Amino acid sequence: MNPESVKIGMRVRVIGAPERQGTIASAPRTNDGRCFVKVDFDGGVRNNTPVENLEPLPSHWDVIEEVAAGRFQPPEGLRRNLLHEKLNGRLTEIIYSMDASKTNFLAYQFKPVLRLLESPTNSLLIADEVGLGKTIEAGLIWTELRAREAAQTLLVVCPPHLVTKWRVELKNRFGVDSVHANASMVLEKLAEAERHEGPGFALVASYHGLRPPSDLDESTPGPAAELARRLDAWADADEPFLDLLIMDEAAIMRNDNSQISKLGGLLAPVAKHKVYLSATPLHTRSANLHTLLRRLDPDTFGDRHNFEAILQANEPLVNLRRVILSGRSTKAELLAGIDTAQRSPLLTGNNTLAALRTRVAGEENLSDPKIRAELAHQSERANLLSYIVTRSRKRDVEQHPVVREVNTVSVNLRPEEQAFYDDVTKLVHRYTDERGLSAGFLTVMPQRQVASSMAAACRRLQAVEAANRDDDLSPDSWNSNTTPAGPLIQSLQEWLAGRHSARWLRDHDSKYTCFRNAIVQYWADHPNHKVVLFAYFKPTLYYLAERLREEGIASLMLTGDEAGDTQAIVDEFAKPESARILLSSEVGGEGLDLQFASVLVNYDLPWNPMVVEQRIGRIHRIGQKADRIVVINMICAGTVDERIYDRLYSRLDLFRRTLGDLEAVIGPVINELTRDLLSHRLDPQQQSKRIDSTAVALEGNLLLEEELEKNASVLAAYGDFVINQIAAAHQRGEWIKAEDLETYVLGFFRNSFPATRIQGLDPHLRLFEFELDTLALHEFDAYLGLHRLRSQSRIATPGRRRVVFDHRIFIKPPPHTELVHQAHPLIRFISYYLRMRRAVQPVAVAAEIARELAPAGIPSGLYAFVSQRWSVEGMRSYDRLHHEVINLETMRPFEEDAHAAALVEIAAALGYPAAAAPMPGEELLSILTQVVQDLEDAATSAFNRFYTRCEDENEDRQQIQLRGVDGFMARREELLRAVQLKHINAGRRNLVAATEGKLEALRQKCAQQRHKIMQNRTRSDGPSTIAAGFILVR
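Heads up, the sequence shown is in numbering that gives the first Met the number 0, so the first residue is 0 and it goes up one at a time.
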């Protein structure tokens, strides 16, 4: 600008650095032939600046005009704008939790993250098989919400035995300090959140600690009762105030009448986001599925009839997806499949299916696998359950499935041992016969204890004192001191006295000898490998620990009796220098991750295969690095356990077969078998016949369950296409990195608050010392106070503060140092500050990059580009970056969005200023300006197609919910009208009026629901160009 145009108060910017903006504070003055003016730059600094370096701040920003005028910026401007959009925390295509946690990258574990972000109800049921990492998936969701929405309040509700595991996982993998909370603390923290007071929190509580009393009313005392009353009152709050509710093992809420289920109903309305975890198989015939979905999305699934209608509408969609992916269908067959789906009342007029039909009709190359994958994904988006349920199975996601090698050691008993087993069996029958009793749990326990360990059982029988109790027979009951015995044990003591010697059985223990030989041989071939041994009876475990200790073999034990934290025992066992064998009971091993071990010993055989599956599931989990795991079964010949093994386990190959969590399928059959084996005097042949019939029934049940799983592929939809996209994004490194955070923060303070003192201490660690200037201190502190974040950062306090930049939220920074990650309040503040002041404006960029740095497949040459931000609001929000790139020499645009994005991203991160940018008047600048204009038009056309798709899907979702409301109202109105007619015929005028009042209340409630749904219409301000220019690849 020239001196004549200078006016005090004029807004200006520095040429070449348009982010440096300020206000002219003086008249121009000449010094040594140059004209200077005082400028109050944003950020509180006043400088004497040459007038020739300034230009008026335009009243509006048009990047095309910037290109036409040749006002190009170096690539730092492009990087700043891209980082601002990314760190604003809203981009749909950026997974902010990727590479941020202490977990191995598994693409399928990010599927629930994307599913929740796409859910119009902010709710999700994760129904993965056991061992696939549902806890990790929930932790990734929390990490994502912290970065995207500055989420601060988390409540995890789980069974009591999983509380410690949750706290350890949150801390070690996600850097979250959580508290084991009781009902009083949960109430206190939720009340603070409801009042928008206090810092954030992460609470882990048990179902049993929070569930409301069964006799709950206004006067019921106790913290759980008070919590229930307050939650009931908060249900009508204007907005939910808990950022994320996670309910683990959610299947235990399946009984609507249980207090735990009522707890789920009370918590749901106060949560902005809800995630349920369940390993229990859920198929579309399951009432359990409807119960959980109703909690997550009452508008769509509140009514059973609507749920059934959705299931019926989904069947042709599932078939359509299968046909598309088969690769063998013709265009006519695909169109017929779409037409079949559209005939469903819920899918009539469905915009997503109409768009799919149009594409299929116009597609010439339906044999292309890529096109079929896209079409299948488009069909999934019409699926009416896909937005709220996600299910992964081991066989579908394991890239290198772990092989189960089963070794069964058949122990031939010595005659004395067989006699001991037979004597106990006969004496139990004699005991029941003499008293006219039927055999049951307590009477069979001595027999099973003997099969587990004869030496331990005999010693146990001789250790107890006579008294009136038999509960010592429970497999989970053990006290190392002498305990009283009940009538059965007392009778066994009397009958066995002098017949058998515990010492002899110990010295001649055939089963232990076989076990010791097997494990010593294994360790000879695989030194230092960890072994987990399970036994049903605690006396067996204590006996084994003693025998191993005598042989110089150290062991650790998990029985649930240990003082201290069971997780600490697992952590100790995981150390390479620690004991090589862990002895565990069922109670001690629940919910623990032992995938660092590759050998499991079943020292005794549970009759229920699900117990064995749960045992194996401790080591057959995601994270198991061994190609195979070894399962060693110790079976005593001539016992009922041998017959169970031979005729049930072997016949159905249950040790190699991954059962998932099929307790509901297997449990009733096994319970019936157990009842028959216990309550009838069956000889070995009769026992074998009864076990055979159980195997037949069980096989039928398992086959039926497999068929139901196939038919319920809706739960596994949203599969390969998106998982492949996630994997590709990870391969390209598309996540927030430490250097991004450093560049963003340092650039902000350099431009907006240049008086802030920043000193680099360790470039490798990205360690800096900050001392904010007075204005920056005030602005940041005000932001922290406004958002209740003062407890989360000390940077906004006077003095020097050390910070380290790292996107990995779990790392421990050096002492007296604050970790700045993507969810840190400083990042949120910078984004907020720049957005409020509209300080980030579109830029024209001229950049060069070396050929070796360019993405693979992109040759040297000159490229023009346009980058846009797209934002669409509706039942769910979409924010994304879109890039258009064209080769100026061939005039061929990039066909792949990923290739265009890669070139722009590399130019922003690694590019340098172009050596010779075209100047006004040059033909190249005119050509570039026209090409950039054409690219902007192409990008806008792409946005219009994207907006139409969002609008279609939004309207489809609205129509489903509106039909659900209308159907519910029609059915309720019909019932109430029938009731009202009865009252009219009976002359009960008061009840007629009361029923009319209920009808009016029903109409108002449904009208409110319709209004709420219709408010979520699709809307957008249109595409916003954030950068344009050229990139020279040399």
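The hints are simulated quantities; they were obtained by calculation from the structure and are not laboratory data.
Computed from a prediction, not measured in an experiment: that's the story for all the values here.
Incorrect hints may appear among the rest.
As a list, the in silico SDA-like pairs of lysine to any residue whose alpha-carbon atoms are at most 25 Å apart [unchecked claim]: (1) K997 - R303; (2) K736 - L774; (3) K1011 - D231; (4) K164 - Q566; (5) K1004 - A182; (6) K101 - V721; (7) K1011 - P344; (8) K425 - V402; (9) K271 - R392; (10) K1011 - A992; (11) K811 - R801; (12) K425 - W503; (13) K369 - D896; (14) K101 - I810; (15) K529 - W503; (16) K811 - D896; (17) K529 - A754; (18) K261 - P344; (19) K1004 - A308; (20) K997 - L56; (21) K170 - A182; (22) K6 - T91; (23) K170 - S577; (24) K736 - A625; (25) K529 - R458; (26) K736 - V721; (27) K1004 - R303; (28) K624 - A517; (29) K997 - R1009; (30) K811 - K997; (31) K101 - R172; (32) K164 - E193; (33) K425 - R458; (34) K736 - H777; (35) K164 - P344; (36) K997 - R1016.
Taking the hints in turn, this is what the structure says about them:
Restraint check for K997 and R303: satisfied, since their Cα atoms lie roughly 21 Å apart, inside the 25 Å limit. With a CA separation close to 28 Å, the supplied pair K736 and L774 exceeds the 25 Å bound. Annotation: proposed proximity of K1011 to D231 holds, straight-line Cα distance about 21 Å (limit 25 Å). Under the criterion of a C-alpha separation no larger than 25 Å, the hint pairing K164 with Q566 is consistent with the structure, at around 7 Å.
A C-alpha spacing of about 32 Å is found between K1004 and A182, which places the hinted pair above 25 Å, so the restraint is violated. Distance restraint check for K101 and V721: the Cα-Cα separation of roughly 23 Å lies within the 25 Å cut-off, and the hinted pair is therefore satisfied. A distance of roughly 23 Å separates the Cα atoms of K1011 and P344; the hinted pair therefore holds under the 25 Å criterion. The hinted pair formed by K425 and V402 fails the criterion: a straight-line CA distance of about 41 Å is larger than 25 Å.
A hinted pair counts as satisfied when its Cα atoms are at most 25 Å apart, and K271 with R392 does not qualify at roughly 28 Å. At most 25 Å may separate the alpha-carbon atoms for a hinted pair to count; K1011 and A992 exceed this at roughly 29 Å. Pair hint K811 plus R801 holds up; C-alpha atoms about 14 Å apart against a cutoff of 25 Å. Restraint check for K425 and W503: satisfied, since their Cα atoms lie roughly 21 Å apart, inside the 25 Å limit.
Proximity of K369 to D896 is assessed by CA-CA distance (about 14 Å); at most 25 Å being required, the pair is judged to hold. Of the pairs offered as hints, the one joining K101 and I810 holds, with about 8 Å between alpha carbons and a cut-off of 25 Å not exceeded. Distance restraint check for K529 and W503: the Cα-Cα separation of roughly 31 Å exceeds the 25 Å cut-off, and the hinted pair is therefore not satisfied. About 37 Å separates the Cα atoms of K811 and D896, which puts this hinted pair outside 25 Å; it is violated.
Between K529 and A754, the direct Cα distance comes to roughly 58 Å. Violation of the 25 Å bound is thereby established for this hinted pair. Taking the CA atoms of K261 and P344, the gap is near 33 Å; set against the 25 Å cutoff, the hint is violated. Between the alpha carbons of K1004 and A308 the distance comes to roughly 22 Å, so the proposed pair stays at or under 25 Å and holds. Our distance criterion of 25 Å between C-alpha atoms is broken by K997 and L56, whose separation comes to about 63 Å.
A distance of roughly 22 Å separates the Cα atoms of K170 and A182; the hinted pair therefore holds under the 25 Å criterion. Taken as a hint, the K6 and T91 pair is broken in the structure, with Cα atoms around 44 Å apart against an allowance of 25 Å. A C-alpha spacing of about 23 Å is found between K170 and S577, which places the hinted pair at or below 25 Å, so the restraint holds. Only pairs whose Cα atoms come within 25 Å are accepted, and K736 paired with A625 is rejected, the gap being roughly 31 Å.
The straight-line distance between the Cα atoms of K529 and R458 is roughly 29 Å, outside the 25 Å bound, and the hint therefore fails. With a CA separation close to 23 Å, the supplied pair K736 and V721 stays within the 25 Å bound. Restraint check for K1004 and R303: the C-alpha separation of about 18 Å stays at or below 25 Å, so the hint holds. With a C-alpha separation of about 23 Å, the suggested pair K624 and A517 falls inside the 25 Å cut-off, and the hint holds.
For the proposed pair K997 and R1009, the alpha carbon gap of about 18 Å is at most 25 Å, so the pair holds. Distance hint between K811 and K997 is unfulfilled; the C-alpha atoms sit about 59 Å from each other, more than 25 Å. Only pairs whose Cα atoms come within 25 Å are accepted, and K101 paired with R172 is accepted, the gap being roughly 4 Å. Between the alpha carbons of K164 and E193 the distance comes to roughly 28 Å, so the proposed pair goes past 25 Å and is violated.
This hinted pair checks out: K425 and R458 have alpha carbons roughly 19 Å apart, not beyond 25 Å. Annotation: proposed proximity of K736 to H777 is violated, straight-line Cα distance about 28 Å (limit 25 Å). Only pairs whose Cα atoms come within 25 Å are accepted, and K164 paired with P344 is rejected, the gap being roughly 46 Å. The hinted pair formed by K997 and R1016 fails the criterion: a straight-line CA distance of about 30 Å is larger than 25 Å.
Of the hints listed earlier, those the structure fails to meet are numbers 2, 5, 8, 9, 10, 15, 16, 17, 18, 20, 22, 24, 25, 30, 32, 34, 35, 36, in rising order.
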